[in-house]
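Each protein sequence line maps, in turn, to chains A, B, C, D and E. Take the first sequence: its letter number 163 is residue 824 in the numbering used here, and every next letter is one higher. Take the second sequence: its letter number 185 is residue 846 in the numbering used here, and every next letter is one higher. Take the third sequence: its letter number 213 is residue 1435 in the numbering used here, and every next letter is one higher. Take the fourth sequence: its letter number 29 is residue 1251 in the numbering used here, and every next letter is one higher. Take the fifth sequence: its letter number 88 is residue 109 in the numbering used here, and every next letter is one higher.
Among these hints, one or two may not hold up.
[Claimed, not checked] Dumping the calculated DSS-like pairs for lysine-lysine here, alpha-carbon to alpha-carbon at most 25 Å:
| id | chain 1 | residue 1 | chain 2 | residue 2 |
| --- | --- | --- | --- | --- |
| 1 | C | LYS1426 | E | LYS255 |
| 2 | E | LYS237 | E | LYS196 |
| 3 | A | LYS750 | C | LYS1476 |
| 4 | B | LYS750 | D | LYS1476 |
| 5 | D | LYS1426 | E | LYS196 |
| 6 | D | LYS1426 | B | LYS797 |
| 7 | D | LYS1476 | B | LYS797 |
| 8 | E | LYS196 | E | LYS271 |
| 9 | A | LYS797 | C | LYS1426 |
| 10 | E | LYS245 | E | LYS230 |
| 11 | E | LYS237 | E | LYS45 |
| 12 | D | LYS1426 | E | LYS127 |
[To be verified] Here chain E is said to cover these stretches of chain D; the calculated rule only asks that three of the stretch's residues, wherever they fall, bring their Cβ under 8 Å from a Cβ of chain E:
| id | stretch |
| --- | --- |
| 13 | 1257 to 1265 |
| 14 | 1298 to 1309 |
Calculated from the structure, these hints are not laboratory results. None of the values given here were measured: they were computed from a predicted structure. Backbone N, C-alpha and C fix where the C-beta goes; we use that ideal spot for every residue, glycine too.
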Amino acid sequence: MAANPPVIRFRDVEQIFTGNDGRPIHALTGLDFEISRHEFVSVLGPSGCGKSTLLRLVSGLIHPSAGAVEIYGMEVTEPRDEIGIVFQKPTLLPWFNVQNNVTFPMRHKYGRVHKEDNERALELLDLVGLADFAQKRIDELSGGMQQRVAIARALLLDPDILLMDEPFSALDALTRDEMSFELLRIWSERPKTVLFITHSIPEALLLSDRIIVMSERPGTVREIIDVPFARPRTMQTLSDPAFTELANHIRGELFSKPAAA
Amino acid sequence: MAANPPVIRFRDVEQIFTGNDGRPIHALTGLDFEISRHEFVSVLGPSGCGKSTLLRLVSGLIHPSAGAVEIYGMEVTEPRDEIGIVFQKPTLLPWFNVQNNVTFPMRHKYGRVHKEDNERALELLDLVGLADFAQKRIDELSGGMQQRVAIARALLLDPDILLMDEPFSALDALTRDEMSFELLRIWSERPKTVLFITHSIPEALLLSDRIIVMSERPGTVREIIDVPFARPRTMQTLSDPAFTELANHIRGELFSKPAAA
Amino acid sequence: MKNIIRLLDRFAPVMAVVCVLGIWQAATWLFAIPSFLLPSPTSIVAAGFGVDPSVWIGHIWATLRVAVMGYALAIAIAIPLAISLSMSRLLSRTLYPMLVVIQSTPIVAVAPIIVVTLGAGDMPKVVITFLITFFPIVVSTTTGLLATPEELIELSRSLRAGRTREIFHIRLPYALPFLFSALKISTTLAVIGTVVAEFVAAEKGLGFFIAFSTSFFKIPQAFSGLVILVLLSLTLFRLVGFVQKRFAPWSLPKSER
Amino acid sequence: MKNIIRLLDRFAPVMAVVCVLGIWQAATWLFAIPSFLLPSPTSIVAAGFGVDPSVWIGHIWATLRVAVMGYALAIAIAIPLAISLSMSRLLSRTLYPMLVVIQSTPIVAVAPIIVVTLGAGDMPKVVITFLITFFPIVVSTTTGLLATPEELIELSRSLRAGRTREIFHIRLPYALPFLFSALKISTTLAVIGTVVAEFVAAEKGLGFFIAFSTSFFKIPQAFSGLVILVLLSLTLFRLVGFVQKRFAPWSLPKSER
Amino acid sequence: DPVTFMIDWLPAGDKAPIYYGVQKGIFSDAGLDVTIAVGRGSSDVVTKLSTGAADVGSGGLSALLQAVATEKAPAKAVMTLYTKQPDAIFTTTDSGIEKLADVAGKKVATATFSSSNVVWPLVLEANGVDPSSVQLIKVDPGALAPMLATGQVDATINWMTVAPAFAGPMKEANKTFKALPWSEYGFDGYGLSIFTSDNMISERPEVLKRFLVAYKTATEMAIKDPEGAAAAVKVMVPEIDEATAAEQWKASIPLMVNDVSKKDGIGAFEPELLKATWSWVAKSQGLAADALDPESAVNRSFLK
Ligand SMILES: Nc1ncnc2c1ncn2[C@@H]1O[C@H](COP(=O)(O)OP(=O)(O)OP(=O)(O)O)[C@@H](O)[C@H]1O
Ligand SMILES: Nc1ncnc2c1ncn2[C@@H]1O[C@H](COP(=O)(O)OP(=O)(O)OP(=O)(O)O)[C@@H](O)[C@H]1O
Ligand SMILES: [Mg+2]
Ligand SMILES: [Mg+2]
């Protein structure tokens, strides 16, 4: 894996927002790491530490206040073609039904939706368990259903790089597990580089090659953990004692600092 | 506890929505249970099984298609005073800053905000870890921060009945634990009846007196589980073997049916 | 009970109109309001039937034609303009003041220029109607285009779909409630605009008819023209509502779908 | 580079105006456009200075006073009206058509009634201005009030705060972009309305001045009145933008805060 | 030959000759294909003529003199129609206004942009009345008759030709109508005249001549046949009320056929009266008496 050139590279990135009151909000500082080709990297960190900001930097939607984010060795100055994103909010379009929301990237990027795209959309909806809801309108879906539509949408164009911001947060344990394994299956069948933000330590361990653990605001990388478990991972992996141990280590890592809190 | 009259009572409740295409969506069926005074009840169930709908029925925002929901023995026909709600989406008002969003129930219900309310809001913001953000605007907050503001808002009026729809879903493990214990502390200091929707089995076990486990759409009660652990519960409770056992039982319960999926 | 409410809901508008007409008629009788001041509904109707139907049709057609053409022209120009304004801050800062200038110029003052430049016929009237009609559409649509939530824009940007698609797939659909609100306002403005144009330069049309009748102090006849005019406006207004309901139901509030 | 863009951005509006004036002036020279058709900017300025400042002030004050009073009245009536319309479907179905009727009635046609009923003075003019101004505010505000997302309404309902607070704490703030868009449209309508009113009944005011100058074939002088009028409109329009920026910045799109 | 003739205000009985001429084939007999356009006031007609939107038109001579004096409008008057000024005071028998001087202290309404307004103070002064003693109310023309009928004002200022239209409201209000023409109180000069553009004069003088001859014939015939004149208008403007139109036309005849026209002949510009017309304009507009030689605004060459 080290032989591959880094797909995503953060070079000493710093992000400072200007609040509406004019005061600076120091969101990220000193981010410096690389993500290799077809790597599955999770990001863990306290709420408000800058995970979504990190993802938006990779996507090219915002630009770092200092340092640079590179994709395939090129500085990111605007959004790129090969990226698919699941935002933290579902961000669906109320004027389309579920299926058209899923095919939206095709329509929006290439101007039209082919028959195959509609078929693929239905497949993806089946995959996220919403085959029956293809013709429904967005406001008839539950919160978790909307999130799943957003996941299906991000997968439609089969992107090289997949950025996912807490995609399973509104899902129950069962659906979550199912979706995790589906994601792994897709990832292994059509390899892609995945940056996956989550609050679930087991999920991060189950899915990723490496886990970036972030510290509180201003967010920075506290530790990058290699996940040693062999692939394909299954339900069994969860009961591996090493799994629990690593989970506890990360837990300790995340829970350590804020003794003051 | 059985001596108290039921605070919330579902009498054979059924909920059928009419979709935009005119076809009925059968969301809930045959709900029939009681929640006693000062009980802490969690609801677990697959995504889209009707949890939020159940909560909206209790809140009086919607009315059952059949059967009746009663609070303190009276049929719910409209929203009631003693209820505080955390919705699944944060639902904050972009034209107020964080503090004013928290004091909003006071302003909205009684027309004005007293000094004490503002103080209480700051306390609550401190409790959810957002003391520094009282003067910020909503769009400057991360997803998890917005959710915490919504929690603080629901607590402001110190309601008798607290309805919470996945309040901790966007929070990291540490914050989530902290918030759970804070919630328990508030609940024991000022007893209230809590209906708590979550996807986390440990969370449900840690917090509740009873857990309602729901089945897939059309949602109905699959099992109601009494949680036997003594209070006050602490981090130790989590390592109790009975805890793991019960968690596994619920997990099995939730994971059992959809063999077809 | 529910049925009564439904009936009431259904016939309330009609009943309200009947009521108003009744009060009006009664008032003209009771207070002996002279017909040259405020003619009674019956005298208006009588005056209306006193005019030859073919004359009516000629005037209605002249007004309707100009109003619809001006309205269509306004939409055809205002929406692209709103899009340009929303896309470029520079353009918006440059063009907006000029639009305000155009909008706030009283047409009567520049009518001679318009008529002389565009000659006789419908053209100058269409242009005058257009000038009066287009501004609300521009302002409202621009506001809607700019009000699109950041997150939807980011979705579009992340797909690198380009500004055009961002406009047509995201901003315009989002702006539809704003746009339709303006389109509704503009129907009546289109009719008013045509009438103003007909006051300034015309030998036909309801505006001309009204001005003409007034110049002879034939007020009931003028009012009958007014009634037709108002019916025209109402029809256009309703038509816009119908189009919205039919083709963009999601842009309506839930209660009105 | 960035500085140049900033400079451009800053002075673009001014430059655009200068450009337009330049082209205009050149055109009047080159094509020898007769001044009674389209006077050149210089002749307009000359004519403007030919009028006594105190005369100007008298006319400007008359127009401004009526425009502002009519505008204020329109806001004062339109917003409560919009609230009522948004609160009751019945009311909305009953009142809306009547508002369309009022809006689409050409003022000139009912001028006699207004003048005879309200007499001379500012009253009839204020009423006319009001009639022309209030409709967009009603339509836009109603649209905005009804467009408020369901979830915010549910938040309000869950607090049992009552309809009034729902309106004032939730719906109205949400409708502000709609409202301000209408308020912007209405500034120019208020000025136009005043001018129309001054055509119908006045012995003072810029509308009177313009029509008066035109009827005596003093076209450059009429245009100088027009310029003042347009400046008035621009000022009011800007003022609304300023108020929005100052008191409700969140109702503006991010790019314009 | 095509000729566009622009009447100076909305069609009415007093505009009958042009309709009569078209209907009776007087113009077509002269080889003219006449189109009637409707102007909005005398100055509108001057503008339209100057820009070529119309070839010939009718309008108050004062407006033309004014336009030529201040804007060098390329238009000329080529024939007179009214040899007396049409302006008048309309009042009711119960108003106590018997002569012009009686308006002192009364309420008088006038159309906001009536050309009469400017000379009004001069006419008053000429009759020894202080203009400030009259309470002048300016309103929409449509409001004049209602205001007089409802008694909100004691008098209005109108052209004589409008008088028949007042009949309806007056009858409804049970009042008796009375008119005091200003021409009887020292206001002299030419009123309605035929204008044409300098272009027309230099490029199609022969057509213009034929037109004027035909127009004169039409006028003379219409004067003899008022009912026929009204009927001709009715044919082309079906909205009009034929009886009122006839009344209007009859009301305008004395303005054309009177001692002045008898002396000078129909259509002629007599230099003294022309000068008088100009001096009223100059005085009322605050223009120097020598700002214009009124002769330069007329062209008599088309009158036989
Ligand atoms: N307004 C509505 N119109 C039509 N159908 C609806 C509506 N609201 C909810 N539903 C349907 O009712 C079912 C239950 O929805 P609900 O939001 O209660 O689910 P939930 O249990 O909260 O799911 P989640 O965990 O994903 O939030 C879903 O199938 C949904 O499609
Ligand atoms: N547009 C913005 N303007 C100002 N501050 C911002 C903005 N966006 C984010 N921030 C600040 O940056 C910090 C990081 O935000 P971010 O959304 O990246 O957090 P996060 O790690 O995704 O949190 P969560 O897990 O709650 O979603 C927060 O303190 C937030 O207040
Ligand atoms: Mg986030
Ligand atoms: Mg839910």
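*Structure versus earlier hints - violations, ascending order*: 2, 5, 6, 9 and 14
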